Amino acid sequence: GAGVSQSPSNKVTEKGKDVELRCDPISGHTALYWYRQRLGQGLEFLIYFQGNSAPDKSGLPSDRFSAERTGESVSTLTIQRTQQEDSAVYLCASSTGTGNDQETQYFGPGTRLLVL
Amino acid sequence: AQKITQTQPGMFVQEKEAVTLDCTYDTSDPSYGLFWYKQPSSGEMIFLIYQGSYDQQNATEGRYSLNFQKARKSANLVISASQLGDSAMYFCAMRETGYGGATNKLIFGTGTLLAVQP
Numbered sequence: 094g095a096g097v098s099q100s101p102s103n104k105v106t107e108k109g110k111d112v113e114l115r116c117d118p119i120s121g122h123t124a125l126y127w128y129r130q131r132l133g134q135g136l137e138f139l140i141y142f143q144g145n146s147a148p149d150k151s152g153l154p155s156d157r158f159s160a161e162r163t164g165e166s167v168s169t170l171t172i173q174r175t176q177q178e179d180s181a182v183y184l185c186a187s188s189t190g191t192g193n194d195q196e197t198q199y200f201g202p203g204t205r206l207l208v209l
Numbered sequence: 147a148q149k150i151t152q153t154q155p156g157m158f159v160q161e162k163e164a165v166t167l168d169c170t171y172d173t174s175d176p177s178y179g180l181f182w183y184k185q186p187s188s189g190e191m192i193f194l195i196y197q198g199s200y201d202q203q204n205a206t207e208g209r210y211s212l213n214f215q216k217a218r219k220s221a222n223l224v225i226s227a228s229q230l231g232d233s234a235m236y237f238c239a240m241r242e243t244g245y246g247g248a249t250n251k252l253i254f255g256t257g258t259l260l261a262v263q264p
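Just so you know, the sequences run in chain order A and B.
Quick note: the first sequence uses the working numbering, first residue 94, plus one each step.
Quick note: the second sequence uses the working numbering, first residue 147, plus one each step.
Check each hint, because a few of them may be wrong.
[What the hints assert, rightly or not] Some chain A residues close to chain B (C-beta under 8 Å, calculated; not the full set):
{"#": "1", "residue": "L136"}
{"#": "2", "residue": "F138"}
{"#": "3", "residue": "Y141"}
{"#": "4", "residue": "T197"}
Hints are computed from structural coordinates only; laboratory data are not their basis.
Please read these numbers as outputs of a predicted model, since none were measured by experiment.
Note that CB positions come from ideal geometry on N, CA and C, so glycine has one too.
Pulled out of the complex, with its shape left as it was, chain B reads as follows (with noise of 0.2 Å):
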């Protein structure tokens, strides 16, 4: 079965700084996608980033970043340049579509929670 584990439950960041938040993977599909989510207080699920198992290249939007290294099973989330409206649950997840495309669900890891400090 697939499983995503991330192993921080909360995290301090200092605003304009680089943090990573860290996701590593399993699964015997060769072939997968990789989703990192925000959700902030509010508690709605905010789309962040998508890498894909085949992707050559990582990927990237904005100030976020995914460091993908596929032989350690890791897809991190790099948020370059914190912002305090970046304190929020981030959550790594990745899509399981079974045999012959029986499901197209999400498994969640636990979340971290990241604090960023003025």
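So here's chain A without its partners, still in its complex pose (with noise of 0.2 Å):
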């Protein structure tokens, strides 16, 4: 079936490049999420979409962080000047976008990003 897809599923990068990270959501699911889990860790959201609009950005933890998603489908997550702690696991989840409480988030493999 079309679940999420995140690519690339590895990034291996020296600190101080930029990258980028691709999400695309379950066709059809309105709302996208980014969150980043740290190394046996839990984890830590960073922003929400709703369509194209993201209403909640409040977990980008600086302003090297930047997200953005067109055409209500694929987002990119933008890290620029990587450091070191930005080394995770970045997951993309979507959801149907219809406020329900059950409403559910479905999760994409996540990117594993290593920043040497």
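From these two lone chains plus the hints, build me the complex, please.
The structure is reproduced here in structure tokens:
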């Protein structure tokens, strides 16, 4: 089935470089989320999209982090001037966007980012 | 602010036995949703079960059930007849909607690592 897909699956970069992470949500899902998971820890919320708008960006850790979504579909998370503390798994999720209490978020496989 | 607490960093269970993973939560919202996810070593997050704050009955999905005690603000996951494939990290999460539905994010606990022994 067509679940949430993310690319690349792994990314190794040098400190100071910019990286782009991509997420393709489940078709028809209007809501999209980015989370970060550091090694051995739980998930931290980064940003929430409803359609192409981001009503909640409160989890973005610094102005080096930005995200956009186009066509109510694909989203890109960009990290500029990467730092070693950015090393983590970046998980994308999508949901129907109906706003019901039982609305379930379905996750992609994640992008493992390592900043050397 | 909403908060999820999972106090068990790790647990062992014998194959075919039942196990309970603890989750307590804190919220001032009258309406909320609670979720459990499984994360195997491969890293994917797999949705297991949902419990709504107004649901009269505990949620069940196959071998998974939720022991929901609203007054105690707990939503423990019960896995019956454990299987080797149940070995994974388990996360409890709460949906936060904010004022006027300003967000729809999940707040996660720190997780419990379950190891099923043969």
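Hint status (Cβ of A/T197 to nearest Cβ of chain B, threshold 8 Å): For A/T197, the interface hint holds, since the closest Cβ of chain B sits about 5 Å away, which is under 8 Å.
Could you check if A/F138 really has its C-beta closer than 8 Å to a C-beta on chain B? Result: holds, 4 Å to nearest chain B Cβ.
At a threshold of 8 Å, is the proposed contact between A/L136 and chain B supported by beta-carbon distances? holds, 4 Å
Given hint A/Y141 near chain B, where the shortest CB pair must fall under 8 Å: holds, 5 Å
Hint violations for this structure: none, all hints satisfied.
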